[in-house]
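A.B. asks: Take the sequences, apply the hints, and build the full model.
Protein chains: 2
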Amino acid sequence: MVKRVSDAVKRRLPRYYRRLLSLDEAGTESVSSKELGALLGLTASQVRQDFNLFGGFGHQGYGYPVNKLREALEEILGLKRAWKMVVVGAGNIGRALAGYGYLGGDAFRVEALFDVDPAVIGTQVHGLTVKSADEMVSFINENNIDIAILTVPQEVANKVAHLISSSAVGAILNFAPVKLDAQENGPIIESIHIIDTLMSLTYQLSAKNITKPR
Amino acid sequence: MVKRVSDAVKRRLPRYYRRLLSLDEAGTESVSSKELGALLGLTASQVRQDFNLFGGFGHQGYGYPVNKLREALEEILGLKRAWKMVVVGAGNIGRALAGYGYLGGDAFRVEALFDVDPAVIGTQVHGLTVKSADEMVSFINENNIDIAILTVPQEVANKVAHLISSSAVGAILNFAPVKLDAQENGPIIESIHIIDTLMSLTYQLSAKNITKPR
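So the sequence lines, in the order shown, correspond to chains A and B. First residue of the first sequence? That's 3 in this note's numbering, and the numbers climb one at a time after it. First residue of the second sequence? That's 3 in this note's numbering, and the numbers climb one at a time after it.
These are calculated hints, taken from the structure and not from any lab test. Beta carbons are placed, not taken as given, at the ideal position from N, Cα and C, and that holds for glycine.
Restricting the straight-line Cα-Cα distance to at most 25 Å, the calculated cross-link-like pairs of lysine-lysine (BS3-like) are:
hint	chain 1	residue 1	chain 2	residue 2
1	B	K161	B	K86
2	A	K12	A	K70
3	A	K12	B	K181
4	A	K70	B	K181
5	B	K36	A	K181
6	A	K82	B	K181
7	B	K12	A	K181
8	A	K181	B	K82
9	B	K70	A	K210
10	A	K210	B	K181
11	B	K12	B	K36
12	A	K82	B	K210
13	B	K210	A	K70
14	A	K86	A	K181
Reference excerpt, derived from the structure (chain B facing chain A, CB under 8 Å, subset only):
hint	residue
15	R20
16	I78
17	R97
18	F110
19	G172
20	A173
21	L175
22	E192
23	I196
24	D198
25	T199
26	L200
27	M201
28	S202
29	L207
30	S208
C.D. replies: Okay, here's the thing in structure tokens:
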């Protein structure tokens with residue numbers, strides 16, 4: 003039913019969803035592809051093309067029914083169920099993510115936080131007791147964990163990712179500034195490279211200063 | 003000299019740089035567009051096209067000189083100088099970023115951390131004393147801050163971004179799950195939407211489960 007979906011579409015779906023959620027909560031009943039595109043910096047034709055991948059949702063000339071489209075995206079994005087997560091690495095970013103409560107904490111639940119540091123193991127973070135990394139794989143398997151969030155130092159990131167991949171986890175969200183080796187039939191991997199985004203900013207700031215000093 | 007550079011190229015430049023840094027540190031002297039492409043999941047022609055935007059760097063048949071290309075990218079990405087940053091919002095993600103020490107802390111320096119909570123103002127985070135948000139704009143202007151990292155709750159993100167934009171800051175790195183309103187002649191804005199990346203993962207996990215339950 004669902005056609006092959008590009009990485010770009012995968013990245014746009016959450017943006018559509020967040021926007022439709024706001025519109026729905028504001029009581030907007032219908033939105034045209036042109037309006038929705040304008041809100042997201044996309045063309046109307048791009049929006050229609052994206053939704054056509056999932057079967058359309060609109061009637062020519064009537065716009066999209068906001069609530070129905072929001073519900074459909076919730077289904078497509080898998081937000082109608084809870085996803086069980088663990089955070090691996092109880093440094094600052096790990097601790098921050100362990101307390102992540104967006105979407106009312108309904109869709110994403112952090113079930114455990116792991117570290118290797120004996121001084122950190124056993125301490126409390128947002129109501130969770132930090133567990134030893136030795137227990138990680140068995141915990142993931144016994145508790146049907148869906149997503150492992152990796153926030154360990156870059157030097158050990160691939161080693162830890164391999165260990166995680168030996169479990170039954172479905173996906174890894176990687177925050178280490180390293181490209182993880184993908185494994186055949188291994189977990190789906192997405193990375194957030196904070197330092198890359200900073201470098202993209204300093205590139206733009208440098209380029210801007212060449213032409214137009216502020 | 004530099005041609006118009008697309009958003010996609012802007013995002014690839016840091017990835018090239020990180021990879022060349024590793025190659026250089028490993029003592030590799032030369033790399034072909036094909037090898038570099040393979041390491042990054044790009045075609046050789048894509049790599050050549052990207053570097054041609056900045057004047058080439060390679061000789062047909064000889065590959066790219068790794069050290070020279072690394073140096074050139076360091077220049078292009080603005081990493082030969084230090085960038086002064088402030089973090090706005092001393093929650094967990096803000097505190098994590100205040101301690102960010104990648105690249106030896108040479109290129110990116112957090113100079114101050116701001117919050118509105120009287121219980122947090124005055125406390126120490128990674129050697130910085132949390133300052134009152136009331137002092138933010140004057141601190142940015144007096145200390146020639148380049149980048150403001152925004153880690154406030156989504157409800158106030160645009161309000162705080164407007165305040166930041168009234169300063170002389172060059173760029174905002176936004177972590178709030180909101181699209182910030184761009185301002186004409188305002189700071190350059192890049193966003194990291196952690197929740198969007200999570201939704202992109204759950205989309206892929208859901209789609210995978212339809213065809214191939216694990």
